[in-house]
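Bring the two chains, given one by one in their own frames, into a single complex with the hints.
Those protein sequences? They're chains U and R, same order as listed.
Each residue of the first sequence is one higher than the one before, starting from 1 at the first, in the numbering used here.
Each residue of the second sequence is one higher than the one before, starting from 1001 at the first, in the numbering used here.
Just so you know, the hints here were simulated from the structure itself, not pulled from any lab data.
Note that beta-carbon positions come from the ideal geometry of N, C-alpha and C, so glycine has one too.
Be careful, since some hints might not be right.
Unchecked claim - Cut-off 25 angstroms, straight-line C-alpha distance, at most; resulting in silico cross-link-like pairs (BS3-like, lysine-lysine):
1. U:53 to U:36
2. U:128 to U:191
3. U:57 to R:1121
4. U:36 to R:1121
5. R:1121 to U:53
6. R:1121 to U:39
What the hints assert, rightly or not - Now the stretches of chain U that chain R is said to cover, found in silico as 3 or more residues with beta-carbon under 8 angstroms:
7. 46-59
8. 65-78
What follows is the residue order along each chain.
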Amino acid sequence: MDEADVRQKARAFVAKVDVSDIRADLTPYVVAVNAKVRKDELGEGESGYTITKPNGKHVITVNSLETEERQRFTVCHEIAHIVLDLESSHEEVPSWSYAKRHPNEIACDTFAAELLMPYQQWLSLVPKEEPSLELIQRMADSFGTSFPAAASRFASLSDMPCAFVTMERGAVRYAARSTSLRQAGAWISPKSVIPVGSVAHRLRSSGISAAETDEVSQDIWFDNWEKGLDLWELSRHYARTDTTTSLLWFDNDDLPEIEVNRFGARVEDDGGLAELTGQLPWPGRSRRR
Amino acid sequence: MSQTGLGVALKTLRERRTLSLREIGQLSSVDHAYVHRLESGEKTNPSPDLIEKLLRVLKPGERDAELVMWLVDHAEADTRLVEFVLDDPSISIDIFSAAAGVRHRGNVRPDPATLIARIQKAFEDEDD
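Okay, chain R solo, but in the shape it has when bound (with noise of 0.2 angstroms):
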């Protein structure tokens, strides 16, 4: 299976925290190889409470926060946006759920930062 965009922020946070998946296990009393399963994709529907149990131990800032929540709720982001927004802490929960949304007509998907940037400018933009 391929990962899924919970599983790079999990794995993402989990790594800044220096934590191995024993460690993160124990010290949220979920089974590390269930924390495995959900950072490799093969599992993707975790519940709140065990996603509280996680966040509790990753500790991450307010937007990283939310944007695991997000993630709960939304298996199809794409991965390579997540792992874009996990690196710049700029980028409101906003800015990153209308890029995850967008719809796209044609071949070819712009590169993360594009679409962040389209975005930007589509939100300055008025809605007259």
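Isolated chain U (complex conformation) (with noise of 0.2 angstroms):
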């Protein structure tokens, strides 16, 4: 199940439901399920879980001893397991861990997103201006979500090229790109490390909780590209967890130039063939007499 699917699925189940009150209750989507929601005081790291009862009944239990978006985000992460059918994994992930996330979880956090800020409610409501830290925070309360989850959700719906990064003790934990700056190819590697040069490095060294707005080259975030080009950088780092998100975007004259062809996929240089010199390539016969 990729990352186009899940979000088809989720807007899917958005459409049955009636999401006008979503941004204060999230009971039509609970009830929509079969589910209830519990909650409890749960141990540092364990944001919720959910059981289905031999009725058919789901009771999602979320740790009211985290903040109030963050309890809503695990509600619809539940809910996405519940529709999407999977099941988590066993294993304990250590947080200073770089391993990759479980597809499992990555497919719930993006089905979360969509049920979060339905993409009609979001679009109705993004000013169309760049992006600041006011607006993303604006943006963060009016959906009841975490800044961090809102700055995603503005650069997967962005119409400028835009991406949102996610990096956990300076590497690179999560990448979600505007249709834009997919289809222009832009691409950062998971894992990578948090880039020097970059806000989000500046940030995360200095040691302390922060955010900056700045611009800087292109070439620091996307190595394959040419150089010479900016982008704005809106980072932010997270000193308690060492998390630090960056939004970077494009302004549209920025944006390196690609071909497309009119299907609006990049038309990939393959290459061709070298250039003839009149010089052939391999050795004259030795003639044996």
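So this is what it looks like as structure tokens:
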């Protein structure tokens, strides 16, 4: 199941539910999956879990010690497990691990984002302006989600070339890209180190929680592109969890020029044949007498 | 490869009967090398007929027989939970299967005892 499938399934699910008040109350989603939500004080590192009873009722438990935003996300993440019928891994993942996240967890996070920030509502509310700390926080508050979740949503749905990167302990964990950036072939490698010269690197090096916006050379983040262009970077560092997030975007004028076919897919240069020089590549055959 | 819940269950039941691999192989007419591969997790998809042959020799109680049959179709079950439940006859198959099917969010996993207690509490609660 790839990201596009997950989003399609999530949007199909949302389409069947009355989401007019979803920003205040997730009950329509909970009822739609035959579930109920309980709150309980769980240990640190345990956000929630879902039990399915023999009668088919799902009981979603969330950690009441976590923020309201995180609890809401957890409810939607658990609904994703139910709708997508995905198990979770039995193994604990140490928070310092650079191991790739379990694919089911990524799928459920993607699904959860679609539920928390339904794309029609998001598009009708998001201002048509360049991102800023204020804009992202305003959207996060509107939808009852965390700043990183709102920034990621902004990147995924933005018309402008845009990406949102999550880094843990200085290594890239996940990146979400806008359609135009994906079509441009921009790529940020998972597990790559936080780029030296980036705002994110500077903030993390300071060791304190902070946020900053600046213009940086694009080759700091995208090494498969030509040099000399600039992009904007809005980064935020969370010292307690050693997590750094970056929202990256280009002005449309600054996007590297690429050739696309009528389907919007990038035309790859296949290299072609070397120019003929007239010089034969093989040695002359010696004639045996 | 890692061990499976089914492998853990078969090995535990066999050892309770103090049977060696060769003995269970002879008594059940199932190749002992194949039984070993089932127990080690190398093989994960035995036929119902083969499982029936093994259970006839192992003579588990009703719950443990149901447990084995359930595990044939759920290779992903947590082996620690299977071990815990095999040691506690009071845990029903419904409680076990609900525990094995719990979906978690976060880095931490509860220990089997905590997990079972949560299931029991959820089953006792009204559905409202």
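Item to check | residue 53 of chain U paired with residue 36 of chain U [C-alpha distance capped at 25 angstroms] | outcome: Given pair residue 53 of chain U, residue 36 of chain U holds - Cα atoms ~11 angstroms apart, limit 25 angstroms.
Item to check | Distance restraint between residue 36 of chain U and residue 1121 of chain R, which requires alpha-carbon spacing of 25 angstroms or less | outcome: With a Cα-Cα distance of about 14 angstroms, the restraint between residue 36 of chain U and residue 1121 of chain R holds, given a limit of 25 angstroms.
Next on the checklist: residue 128 of chain U and residue 191 of chain U were given as a pair; does the straight-line alpha-carbon distance stay at or below 25 angstroms?
Outcome noted: violated (32 angstroms)
Checklist entry - Are residue 1121 of chain R and residue 53 of chain U close enough, with their CA atoms no more than 25 angstroms apart? => result With Cα atoms ~11 angstroms apart, residue 1121 of chain R and residue 53 of chain U stay inside 25 angstroms; holds.
Checklist entry - Is it true that the CA of residue 57 of chain U sits at most 25 angstroms from the CA of residue 1121 of chain R? => result Within the cut-off at roughly 14 angstroms; holds.
Item to check | 25 angstroms limit on alpha-carbon distance, applied to hinted pair residue 1121 of chain R and residue 39 of chain U | outcome: holds (13 angstroms)
Checklist entry - If you look at each residue in the stretch 65-78 of chain U, do at least three have a Cβ nearer than 8 angstroms to any Cβ of chain R? => result Our answer is that it holds, as 3 residues pass the Cβ test (under 8 angstroms) against chain R, meeting three.
Item to check | chain R over the stretch 46-59 of chain U, status - at least 3 residues with CB closer than 8 angstroms | outcome: holds (count 12)
In this structure, only the earlier hint numbered 2 is contradicted, and the remaining ones agree with it.
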